[in-house]
Every structure is written in C-alpha cells, then in structure tokens.
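Chains A and B supply the protein sequences, listed in that same order. According to the working numbering, the residues represented by the first sequence are 1379 to 1626, in order. According to the working numbering, the residues represented by the second sequence are 1379 to 1626, in order.
Just so you know, not all the hints are guaranteed correct.
The list cannot tell twin chains apart, which means a pair is met if one copy fits it or any two copies do.
Straight line, CA to CA, 20 Å or less: simulated DMTMM-like cross-link-like pairs of lysine to aspartate or glutamate [as the list claims (entries may be wrong)]: (1) LYS1503 / ASP1424; (2) LYS1503 / GLU1389; (3) LYS1435 / GLU1493; (4) LYS1540 / ASP1499; (5) LYS1588 / GLU1397; (6) LYS1503 / ASP1553; (7) LYS1599 / GLU1587.
Since the hints were derived computationally from the structure, they do not count as laboratory data.
Number of protein chains: 2
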Amino acid sequence: MRPLLTLAAAEACGGAESEAMPLACAVECIHTYSLIHDDLPAMDDDDLRRGNPTNHKVYGEGIAILAGDALLTQAFEIAAKCNAWPRYTHQDIVLEIARASGSLQLIAGQVADLEGEARKDVTIKDLKYIHERKTSALLCCSVRLGGMSANCTPAKLEALTKFGYNVGLAFQVIDDILDVTQSTEELGKTAGKDLNADKTTYPAVMGLEKSRREARRLTKKAFDALEPFRGRARALQALAEYLLHRTN
Amino acid sequence: MRPLLTLAAAEACGGAESEAMPLACAVECIHTYSLIHDDLPAMDDDDLRRGNPTNHKVYGEGIAILAGDALLTQAFEIAAKCNAWPRYTHQDIVLEIARASGSLQLIAGQVADLEGEARKDVTIKDLKYIHERKTSALLCCSVRLGGMSANCTPAKLEALTKFGYNVGLAFQVIDDILDVTQSTEELGKTAGKDLNADKTTYPAVMGLEKSRREARRLTKKAFDALEPFRGRARALQALAEYLLHRTN
C-alpha cells in the first residue's frame, strides 16, 4: 500500500515512476521493519502476518530483531542513493524518512501503544495520538516522497500531506473495524486480537456504525485534499477508495 | 571511544571540533543502539553494561527494542542535519553510516555472532569476519566521518580507514583478553561470559600471550597508518594507546 501511494503521488505531480521507485522501496523497508519488530513477543506478540508465520516464528527472535534493524538501515541507504533535485535534496529526503520513523512519530506511537496495553483508561484522544504516529506519519511520508521525487511545488506537497494524514487515520479506524468483523483467514493475521487483549479501539468506544461513519468522513477529507491535482490524482483516489472498502 | 575517534580524526585533518561533533553524536547513537539490541535476551542476554543494569532490565524488552530503533533513526536525522561540503555531501555521509551499520557490515557481524553461538567449530577466520563487521566497520566509519567533517583529502581518508580497521580488530582481541582476565566489577559488564558460553575467542584459540602479541601487532599497524598526518594525529595515537592498555 505505502509504495503504491508513493508511486501514485509521483504520478499526481507529473513525475516518472522510475524516479519514485527507490523512495517507494525505502518506504516499504521502513514499514516492513516496523511490522517485524511490532510482531515480536515483547511487543504485540503476533504469530501471523499476511497469512504467514511472522519473522520471529520462522527465524527466531534474534534474527527478527536484526532483520528489522537491517531494513531500517537499508531504507536510508536507498534514500541516499536516489536521484535528488535542487528543490528536494538528499538532506530533505533523509530527514523526511528519519522524522516519520523517529522518536517523535513512529516510535512515539509504538511506545504509547505498548504503554496503553497496560492501561484500561485509553481514550479516543490517546487512540488518535497513536494512529497519527503509528500510521499517518509514514503514510504522509510515503506520499510526500512521491511528490518530492516529482519535484512538486510546496503547495502540492502540502496537499499530499493532508491526504496522507487523513488516509492514515481512516486506515486505522478501518483496521479496528476489520479486527472485530473479519475472521483470521480473511485477515491473514489473528482476528479479534484487539478485543481479546481488551484494547481500546474505535468500535469498542463509539460502536461499529459510528466508526464506519468516521472512516468515511476521514476518507472524504483525504479526497478533498486532492482537489489541487484535478484529474491527475486518479491513482491516489483509487487507493483511498480501496482502503475504505477493503476486507483484509 | 567512537565519538572521541571522530573528533580526533577531524583534528588530525585540521578540522574544527564543532563541525565534527554532530557526526560524533551520530556514531554514538549507532553504537548505543547496537549495544541495547545486542544485550537483549534473544541476542547476548546481558544484564550489565557499563556497570549498570542493561536497558531491557530497567525498561523491559519492548521499550529496549524501540530505544534501539529510535537511536538508529536518530543517527540518520543528525547526519542529514549536519553541515556538508562539496567534497563530502549529505549523500556521502548518510551512505557512510548506512553501509557501516547495514546488512553487509554491522548486521552481518551480529548474525554471524548469533549463529556462531550455536556452533562449536568457529575458527579464527570466522572470528575475524565477525570482528571486522561488528567492530571495525563502525570504528572505520567513526574516523572517516571525522575526516569528512574536516573536508580531508581522499589519501587521508584512506589512511583513516586503515587506522580504524586495525584499531577495531585490536579492540576486539583485547575485549576477548579482558573477558578472561578481569572481574565483573573491573569490566562493568559480566566477566567470563565468553568462556561460560563456550564461545570461540582469541585467548581460547591461540592462548593469552599470543593474543596479546596479536593486539600489539594490530595496534602497530594502526599507528603506521597515521604516518601521513605526522604530528597532527597525537589524539588518535593517544586513543589507540589507551585501547591497548585499558583494563575495562
């Protein structure tokens, strides 16, 4: 999903796929590293991912930790090797990835998620804090890197940021909904996990119907952000539509 | 030790400490991340580091994994924010750190170390492979970044590479020696660990005296590499001397 968003954002800004591809790969390295570490016994302790046993189930915890470390490092190597433009330099690109993945965004979200599991009083505000950092930050980064690879204007970068932020939040609300409505087989990961872990989720707090409405509201905000691209953002729109209607 | 090497290398090349300092910090972030992950139960399973309980002992495994991830990411943010020169750009600096820390160097060393623990037939050649990747790669990177921050010539960068490589190997041979000759209190980390884990070490394979001679030989090679700097590399020389004579 994230590399597709990078390529689609580049397309929306009139860029070439070949220029966006390395950054799409860097984004996927970051995402995969975060999943491998997130699935570890000391974190979410998950046995299944994308319908397959998780990394540590197959290779052991030590190798899973190192695989995540290697992918995180690889993302920066790829980013430093890509083509860059005067408007968006290697410095901008590396900073973009480092900030989205760093201690104020992705890691802060993971820490809050981990600490939330030990508490019973997690609010919707806490949940949004986590979703913004665990999901929106990297989705924003994914589309912004696509725009940067296409040498887009600052105004378009701003529009992509709004799109990525709202798609990220919508994505997480839908994730919460799917966890309670789908089977493990349909999801490709353990279903009902949040419920069993007594985790605060959107459906648990505001009910299923209201959660679905919230997901639609956020997706609409994402669509609205694409206005400046007019007809060029069809791929980005299609990806957002897919996110709203996905079943796993 | 590693940030001091960065500052000393910058000094040897006539650079300013203020220019080298961000890169010294980036190097320390990488080193500390690698220690936190290396101490985890799934890796070396160590309870003590620098005389204090290890990160996961104090904060739990989940937070220790995330602390390492955050420090690794932080290194790249710091590197991308430093000043850069036409000769050594942000691209060069980020690539330098990514390669030394990546799947062909630091991570490859950790994987080989982890796999070696399960085997009884680790040779001196295997051990050197591990030391080159687990230690020399980052020590090389530390001094090279110092040289880069001082806008040094390619010949001087080459000399720093040789120095860092040999200091790294010497450092590890001495680490092996200290593990069998010093107490836990003197080391600030658990002594005799390699011996108890039945790990292949230099003293175990070639004996203490030969290991000490090997450390001296490697340190001499490191000193010889500093010849092009003449009188300017006194701090680098002092650090190498300290490494050979340290007791913890």
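Of the hints given before, which are not true for this structure? 1, 2, 4 and 5
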